[in-house]
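Chemist: Residue 559 in the working numbering sits at position 389 of the sequence shown, and the numbers go up by one each step.
Hints in this document: simulated from the structure, not taken from any laboratory.
C-beta: ideal position from N, C-alpha, C; glycine also.
Treat the hints with caution; some may be incorrect.
Pairs of lysine-lysine residues, derived as DSSO-like cross-links and limited to a Cα-Cα distance of at most 30 angstroms, are as follows [to be verified]:
#, residue 1, residue 2
1, Lys593, Lys232
2, Lys451, Lys471
3, Lys471, Lys514
4, Lys451, Lys514
5, Lys232, Lys471
Distance ranges between label pairs, derived from CB positions [to be verified]:
#, residue 1, residue 2, range
6, Gly537, Pro783, 56 to 62 angstroms
7, Val335, Asp770, 49 to 55 angstroms
8, Val255, Asp734, 29 to 35 angstroms
9, Gln784, Asp402, 52 to 58 angstroms
10, Pro225, Gly370, 42 to 48 angstroms
11, Asp469, Gly537, 22 to 28 angstroms
12, Arg592, Glu308, 19 to 25 angstroms
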Amino acid sequence: MVKQRSRSLAMICFVLAACGTGGGGNGDGSDTVGSQAPPVVISQRQSLAIVFPPPRSATESKNIVVRGTAEGLATIVVNGIPATVANDTWTAEVPLAPGDNTVAVVGTGADGATHEHRLEVDRAEFFFRQAQDVVYDELRHRLFVMDGQPHALVEVHPDTGARRVIYRWTNEPEPAKWWWAVKTLELDAARRIMYVLRPGGNLDILDLETGKVTRAISDFFVQPRALALDHDTGTLYVADRFECRMYEWNPTMAAPRIISDLHTGGTDLHFRDIYWDSVRKRIVIAGQGRAGGAVIAIDMKSGYRSDLRLGIQDPDTVSYDPILDLAVFSDEPAIRTWTPGQTKVSERVDDDNITLLRWSSIAVRPGTSDLFLVSTDQDGVFRLDRNNGRILPLAAETVGDGVPLGSREGESIADIAWDAARKRTVAAIEYRQLYAWSYPASKIDSQHALIAIDARGNRTVVAADASALGKKETVAPRGDGPRLGELAAVAVDTATNRLIALSVNRARLLAIDPITGDRSEIAGSKRNGARWNTMAVDPQGRRAAVATNHGEVLLINLDLGTIDTVALESVEPITAMALLPGEERVFVADGVRSSVDTIDLRNGRRFLFATEPQGRPVLDLHADPENRRVVVVCPGELGMVDGLGRFAPLGNSTPDAFFPADSRRVCIDPAAGCAFVTTRQDRASVRGLFAVDLITGQCVIASKD
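Just need the whole structure built from these sequences, with the hints factored in.
Modeler: Okay, structure coming up:
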């Protein structure tokens, strides 16, 4: 809004201009009407900026609150809606249509000059969190996807990616119980019903016309893995991992019956997926045997069992095209095709993106080259053309360059920091390669890196250690100096324009050039077995506070590298820390209690400062120096603690608020009043980077492509 200047100042300027410099009109003592000098126009600076949300973002909300700053403008309109203006800050609540939305902000000055900015917001009715299975409805040209975390069946349009929820199961067991039943869906398109495997060995029948669900089988299967349907007879086949059993069932039967027990038959095949070969009237089973990947066929007429031995290393999932008589397998994680009459699979169907993904389910569009895939890494649906190997996101929660933060295979996020100079988030990441069949899975190799994510969600490697992951190298090495090692935290030293990273297993503090990736050691521990778990940085005070695995708190001079022990060993673990400039205390998250404590940096005394009202654990802390408060992350909630220890929640203040249920780490942009939040490694919500407006509470996926 235009700042009002003094009317008296404008009048004085006008009078001086009208009278001239000598007091006479023509300089000869005479006055001439209409010969006055033109008035002096005092120009005023005009500016318009969007602060929230980011340029590309995504949300489930039907409305979004857009916030920004302006100066010298008479009106501000957002998609035709007048903005509310106060103290050079404007806000407007804008309705969103399903799909992609363009939000246009137009500001107009008193002189008629206009300023315009745009951003893109994608609104989806549903975001996939744990996409498990996908089936294609040939009769009505639509996809059905089962999402295991919110227990929802979602319809996806295969041409536009538009989605809507068909049915939600409520009051279900924890997501871990869904692990065995990955291939949960089988569609009977002619009868318009969907068979759904459920936790606890249940089988539900969903009527797609009425939306009603009936329980067909209760508590029968032990470890149900996959379904296959003989559409001609309506017989359903269920693969149960427990003792490698295969069952058949149809609505006329009181209970399923065993048709094959591969464990007692000596095969000992761990089921991954099955399909019904309608041409040869047989069940084909893909799984993992004693010698690796295996494919077995069971003839339903004779009961004859044959090992097809296709040479597939790791068949995760399979689908069948009865028109082309073609089977499609995912194989570590490329796609292979096979004609059942042949003995070998085809060459890999691959492109540059496919190696980044693993698939939990495949659906074919019969008679075409189209494949629809569900990714376990990037939750959502993808389309693959078998002819050219191109893979494109169809309804996937991708970020920026198509790789959501935390979604690459084995990728986990230790911490994030806001780089104000470059307007980007920097994430400390570990890439892990796990043994596929050990339980529990053990780490065999890892790679560590700092990754920058800009406002549009695109990734840049800032620094990375040399990889030992072999052909599965995730990022190329970048930067010279000491190894990053296992990273626990990252921060930005605004005074010296460098990144500060905390290496856990090497117990040292590193300074990293954000341009070259070169690094040097600021300080380190000489004590064997010492681990530095977390830290907080105060650039103004030129110091960093570090918590060790022994419960100590260290204070490190960022310029000299000197280390002072502030607090001695404690049994109370510290999981996160925050420093406010100018204060002689450090805020710490208690790893056991749902509280925020303070430790006096002068004497090491620890005090209870604030308690989370709902009793949820405090996962991360971040200092907000502009407002003299600490931002707190709890599961599914973002809150603030002021200087008096008062806890105020933010992030789930409205019923339809969109916030990661398994939020993990946070950093803030103090100038914009915006926080960025990541999800945990055992993600149960949408994967990626979230942006939260600390003023309005609005939350979006930070960017999406």
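Chemist: For every hint, state whether the structure bears it out.
Modeler: Here is what the structure says about each hint:
1. Lys593 x Lys232: 28 angstroms, holds
2. Lys451 x Lys471: With Cα atoms ~8 angstroms apart, Lys451 and Lys471 stay inside 30 angstroms; holds.
3. Lys471 x Lys514: 25 angstroms, holds
4. Lys451 x Lys514: Cα-Cα ~20 angstroms, so holds.
5. Lys232 x Lys471: 54 angstroms, violated
6. Gly537 x Pro783: 56 to 62 angstroms: Check passed, 58 angstroms falls within 56 to 62 angstroms.
7. Val335 x Asp770: 49 to 55 angstroms: Holds, since Val335 and Asp770 (Cβ atoms, about 52 angstroms apart) stay within the stated range.
8. Val255 x Asp734: 29 to 35 angstroms: Given a distance of about 49 angstroms, which is not inside 29 to 35 angstroms, the answer is violated.
9. Gln784 x Asp402: 52 to 58 angstroms: 54 angstroms, holds
10. Pro225 x Gly370: 42 to 48 angstroms: Hint holds: Cβ distance 45 angstroms, inside 42 to 48 angstroms.
11. Asp469 x Gly537: 22 to 28 angstroms: 25 angstroms, holds
12. Arg592 x Glu308: 19 to 25 angstroms: 49 angstroms, violated
Checked against the numbered hints given earlier, the structure breaks hints 5, 8, 12 and satisfies all the rest.
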